[in-house]
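Visitor: Sequence:
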Amino acid sequence: MGCRKSANSRYGAAVPIVMLEKVQVRIVAGSLRGRKLTVVVHEGMRPTPQMVREALFSILGNAVPDRAFYDIFAGTGVIGLEAVSRGASVARLIEKDARQVTDIQRYAEQFGVSARVQVLKADVYRWAERWLPPKDPVNLFLSPPFPDLSEKADEFLTLVNTLFAKAPNESVLTIQAEEGFPLDRLPTPGAWDVRKYGRNILLFLVISRDGAAPPAGDPNAPTAPA
Numbered sequence: 581m582g583c584r585k586s587a588n589s590r591y592g593a594a595v596p597i598v599m600l601e602k603v604q605v606r607i608v609a610g611s612l613r614g615r616k617l618t619v620v621v622h623e624g625m626r627p628t629p630q631m632v633r634e635a636l637f638s639i640l641g642n643a644v645p646d647r648a649f650y651d652i653f654a655g656t657g658v659i660g661l662e663a664v665s666r667g668a669s670v671a672r673l674i675e676k677d678a679r680q681v682t683d684i685q686r687y688a689e690q691f692g693v694s695a696r697v698q699v700l701k702a703d704v705y706r707w708a709e710r711w712l713p714p715k716d717p718v719n720l721f722l723s724p725p726f727p728d729l730s731e732k733a734d735e736f737l738t739l740v741n742t743l744f745a746k747a748p749n750e751s752v753l754t755i756q757a758e759e760g761f762p763l764d765r766l767p768t769p770g771a772w773d774v775r776k777y778g779r780n781i782l783l784f785l786v787i788s789r790d791g792a793a794p795p796a797g798d799p800n801a802p803t804a805p806a
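So in my numbering, the last one in the sequence shown is 806, and the numbering has no gaps at all.
Hints are all accurate, no fakes.
Subject to a maximum C-alpha distance of 27 Å in a straight line, what follows is the list of computed DSS-like cross-link-like pairs (lysine-lysine):
id: 1; residue 1: Lys732; residue 2: Lys746
id: 2; residue 1: Lys746; residue 2: Lys701
id: 3; residue 1: Lys732; residue 2: Lys776
id: 4; residue 1: Lys616; residue 2: Lys676
id: 5; residue 1: Lys746; residue 2: Lys676
id: 6; residue 1: Lys715; residue 2: Lys701
id: 7; residue 1: Lys676; residue 2: Lys732
id: 8; residue 1: Lys701; residue 2: Lys732
id: 9; residue 1: Lys746; residue 2: Lys715
id: 10; residue 1: Lys676; residue 2: Lys602
id: 11; residue 1: Lys602; residue 2: Lys701
id: 12; residue 1: Lys602; residue 2: Lys616
id: 13; residue 1: Lys616; residue 2: Lys701
id: 14; residue 1: Lys701; residue 2: Lys676
Keep in mind that the hints were calculated from the coordinates and are not lab data.
Based on the provided sequences and hints, a complete structural model is requested.
Guide: Take a look at the structure:
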């Protein structure tokens with residue numbers, strides 16, 4: 581990632597400069613396997629490492645095909661595009677950065693999947709308040725920028741609770757966070773499946789309104805690798 585430097589403003593105060601960097605990310609599997617995206621990132625972003633992406637979709641397993649996939653805090657958009665590549669009926673990506681939105685739309689068209697990729701330029705926190713969920717189960721993936729896990733921790737946890745309350749039964753809610761994330765403040769804290777990958781952690785919750793876990797062999801339940 582680029583580093584953050586300071587410059588002097590007209591009033592003499594130091595003004596942070598965000599250093600941008602181009603990186604290349606690759607879709608791992610499915611119909612778009614091997615397709616590459618060249619994206620612009622900065623140190624406030626955290627594109628999901630390929631190892632973590634592979635683990636994410638391996639664990640979700642049969643819950644991906646033929647379901648809507650919400651890539652919340654979409655960033656580069658690679659998660660949503662990977663979901664479409666692996667058979668998601670549609671990927672809905674929510675991102676407030678205009679540059680990222682334009683890039684995602686461009687790659688969706690270039691890869692021939694624009695009909696199944698919907699990109700919404702919006703603030704995630706406001707979007708969640710207005711979200712009208714579908715009737716069928718969905719996948720919700722949240723990978724907030726680094727600052728949101730610390731500077732907006734309360735707001736982020738409110739977001740998680742809002743999505744938990746609204747999502748249809750048997751939806752899967754997944755969070756990419758870091759060690760130290762306050763698991764005890766999540767809804768139904770003991771029900772989350774927690775996986776660690778270096779500094780990254782993935783948290784999975786199958787939403788069950790009756791309080792029971794999905795039955796073994798349910799084709800809509802996430803399937804962990806053997």
